[in-house]
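The primary structure of each chain is shown beneath.
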Amino acid sequence: MLRTLLSQVKEFKTPSILTPLCMIGEVICEMLVPRLMAVIVDDGIYAGDMGVIIRTGGIMIAVAIVGLLFGLGGGFFGARAAAGFARNLRKAMFDNIQTFSFANIDHFSTSGLVTRLTTDVTNVQNSYMMTLRMAMRAPMTMIVAMAMSFMISPKLASIYLVAVLFLSTVAFFLIRRVSVYFKQVFERYDDLNESVQENVKAIRVVKAYVREEHEISKFHRAADNIYKMFVKAEMNMTLVAPLMSFTVYSCILLISWFGAHMVVSDTLAVGDLMSLLTYCMSILMSLMMVSMVIIMLTMSQASGKRIAEVLEEKTLLTNPPEPVMEVPDGSIRFDHVNFSYRADSEEHVLSDINLEIKSGEAIGIIGATGSAKSSLVNLISRLYDVSDGSVSVGGTDVRAYDLTVLRNAVSVVLQNNVLFSGTIYENLRWGDENATEEECKHAARLACADEFITEMPEGYETRIEQGGTNVSGGQKQRLCIARALLKKPKILILDDSTSACDTATDARIRRAFREELRDTTKLIIAQRVSSVQDLDRIIVMEEGRVHGFGTHEELLRTDEIYREVYETQTLAGGDFDEQQ
Amino acid sequence: MAQAGPHGGGRGRPRPKIEQPGKLLKRMLGYVFQHYGLQMVLVFLCIITSIVANLQGTMFLRNLIDDYIEPLKTAAQPDYVPLAHAIARVSAFYAAGILAQFVQARIMVYVTQGTMKRMRAELFTHMQRLPVKYFDTHAHGDIMSVYTNDIDTMRQMISQSLPQLVNSVITIVTIIAMMLVLSVRLTFVSLGMVLLMIVASAMISKRSASGFVAQQKGLGALNGYIEETMTGQKVVKVFCHEEQAVAEFDRLNEELYQSAFKATAFGNMIGPVSAQMGNLSYVVCALVGGLLALNATAGFTVGALASFLTFNRNFNMPINQVTMQFNMIFMALAGAQRIFALLDEEAEHDEGYVTLVHAKEENGELTESETRTGKWAWKHYHKDFGTTTYVPLEGDVTFLGVDFGYTDDKMVLHDIVLHAEPGQKVALVGSTGAGKTTITNLINRFYTIQDGKIRYDNINVNKIKQEDLRRSLGMVLQDTHLFSGTVRENIRYGKLDATDEEVVAAAKLANAHGFIKRLPQGYDTMLTGDGANLSQGQRQLLAIARAAIADPPVLILDEATSSIDTRTEKLVQDGMDHLMKGRTTFVIAHRLSTVRNSDQILVMEKGRIIERGTHDELIALGQKYYQLYTGSAEKSA
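These protein sequence lines map, in sequence, to chains A and B. So for the first sequence, the numbering used here puts the first residue at 1; every next one is plus one. So for the second sequence, the numbering used here puts the first residue at 1001; every next one is plus one.
Calculated directly from the structure, the hints in this document are not laboratory data. These numbers were taken from a predicted model, which means no experiment stands behind them. Beta carbons: idealized from backbone N, C-alpha and C, even for Gly. Treat the hints with care, since some could be wrong.
[To be verified] Only some residues are given here: those of chain B computed to face chain A with a beta carbon under 7 Å:
#	residue
1	L1064
2	G1141
3	I1143
4	K1234
5	V1283
6	A1286
7	L1287
8	R1471
Please put together the full structure from these sequences, using the hints given.
Here it is as structure tokens:
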């Protein structure tokens, strides 16, 4: 995981190395300061020598300036390295996601990907900077201070060694214990927040069922649990500060006592004793710093892992080495196709599909929810790969084509369709970047979208909000169809794409297709028999198999499922949908 | 959501605008003190104790050499007893300090977590009582961030900033006092340097803050773009739009990098600058002090200067901390402002006094019953006469000239008149935005009408206690919301004391039993994330089961079967018909099968009822309904 993440440092290696170097410089300056202060006091003030004060003061100011430069450098390079690392991580993830196949996308949830790209990266960014700035600084401070102490008096310095050992052992166990607690707490905390979110979203249900009190008492219980766990976890942390003080104080008193003896027996100079006492704080403070860095790193470990998962995910669909670059026509062939979404799954979503569709045919696909209608058409543009058998377009196996070439030839209007923020023109031009306004309008007319677009205040320049919230479901669907038409595909697939349009519009769209898209193979998935009954042929899907394939009349005679659906729908009539 | 998490520092963050910060701070502290007054006093005492202990230590070290070691050195027979005494004395102080620290830390855990718990609970409780309108007008993300970010900053402020601030301020005051005793002039020099330090860090903070604002904006823009692209990732793939997506992403990513760099770089400057300013201050004081001491101005001694310099050194840390804590406190205040704003939001008000009670018939008179009888009645107390009458619950709903708008200046329903008799099925038909759902939301008083009257069993709904009114209505909404919990718990939501058998019966009625059986743990399968592991259709079936188990006299079905395929719907329909029998039902649907056999069909357009009647009557009328119907019947045009 660490290697995957760190490989993204790339051009920010220099600042990443310079940061700790600067910090070392700052530490050295910092360590010099107490010595200089001692000189000012001992040789300057006590000796009454103004010259020493001025000279040493001058040196100290120089050291301060150098220290400042190092400090600023550390801050500057640290910021550059961390912000740059974050940028590279985001870019690497986003780039990799763009290579993902549908199967890869299914693997991660949308909100999961968003969190990984944002919050997780921010966490890693913060700990990276903290590590660069502190990971060198704190141990360096400790080492320098320790070395100086040992130079002064190995005997007394060994007290520090014991203190450091003591504190780090305690810190090690505390961190281990506390991090387990905190992990639990944060999980629960997420649950609690999720339940709030649930209530905010479902407030109408809560109110309709008069379940306010029920939800409140549920929440109180959960909040109470969190409280108990937090208290337990934090109680462990309450030991940290007193333990730290205990160690510092003990060191001071011990050094004072033994130091006094040594001074008296002339084995230690008075000034050295004072210096030793100053180093006490430096050593133990930097130890605390190290443990803080460790805590922070363990906390961001989870984030790092989640980022690495995205970076390490390999796309399941790759271009063939020598791809076919042209799709001759819109004929489709399924040859003994089995398909399942997961390689290890026993049950197939599609089993033994054999179909032969001629170029230019209009095919309807009908079947109950979960009968794998969408799965069937998703194989044609190679959104997923078959498990067994083969799917061919224009006489060539889809796996032999260049992916872009294939997908430009096969235009799919997905079931969960999405418009992007931007004008209607911009959205339509997803299909063809260079489409003229006239071409856009033509496509919109075919999809019966022109009629409502022209009624909008700004026509084709109207801005679509994020997620297409300012157009109705039926309008969104028609825009999506127009967008797909602009690709001028050899094969056009509509996956339940007119469900929110009223039946009359639905019929007009189909009529336009019939008249204008003679050479395009059309596959139309629908819930309503009325949407497919006038097409050339109809596929009836049932539990992942082709149950029937033929014209409306043939199927009425031979296929009982088709007949049943037809009868229920025509007896009960159609829909009253949006009639815009 | 740009979340800094519970560990985000407060340094250099932009200070948001806060109205009346003093009042807010008072209210916030009041909130803490109200429940933890005694504890806070104890904490204060603990802080004082540790400061005193620390001070004793510093004094001891200062005198160590002059008072103890020097005499020992010059003495012929070193007597260590005074030193031992001094160490013992200081040890006692230290021990007290450590104890105080420990006690303070433990108390603060209770205070902080207790306050958080109370605050969360209060927020949630209050939120449940807010009208639906509040949720319409506030982004869900904003409400959520009150529970997460705002509470978190409050937690940091109470647990860290507050004690640290008190500690720092007391320390600063003590040090200043000590310095003043030593030398007034030098103190002014020292304070001047501090002022310089504060000005310098304020200048840097300002730059850094503007960087942070830019960073938050950049983060927001990038978040939005990522969210949009990830949601439409499949469309991106289908249209081979990967390169364009990456190009736009790169642009936003680069912008964020630049602003993040600027913000952090400036933020990182504050530390070194103030540290080195501290050193500078030391040198300046040493020079000025040296001059004063050497000239023995105003009795200023060399020893006093040495002490003064030590104090000057100890001065910088608390000053730094105070500036840091100020930022934190401002952020916490901004959080508190949002928290209190939610708590101050006006709750759904209910002046209803007519309640729903179990009823039984005694001597031909309806009276209240202690136990469940299967019969319900409205208990109506008449203030003017001092009498109580019982009206049987039948499910008769009348609208008389109802006007309604979500805001007063824009009416969405005009002059709605309707009468649903007990047991009738009323269908609402019309295009999206015609006001069908709004009508149903008025029956259960999610919203309050501007004009006209709505009567339920001939009682004005405003007189009926809200919860009792809602209890008598069952709703299945188009956007199905489920709760984290098992399938069983979700169905039982309609009737909390339902037995397992009742749950299964309701599931069977809704035709949900079949798919539930096939779930990995059947009825005990956990649903998470709003039932994300179920299909839209399955979720609707669960919602129907949930309504069925509640067994309400009036049902509202708002596009309840829209995501269920036709074959399954036919099966559900049988259950629904069974469910609807004997109940007043309001149905909003776009499928004719659901609408056709209704007792009344109301055709709505632009907030008005334009046609009404039975299916046959409306067909005969030959207008809007006819158009819709024949439009839908246009099969082979």
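Which of the numbered hints above does this structure break?
-> Going through the list in order, the structure violates hint 2 alone and respects the others.
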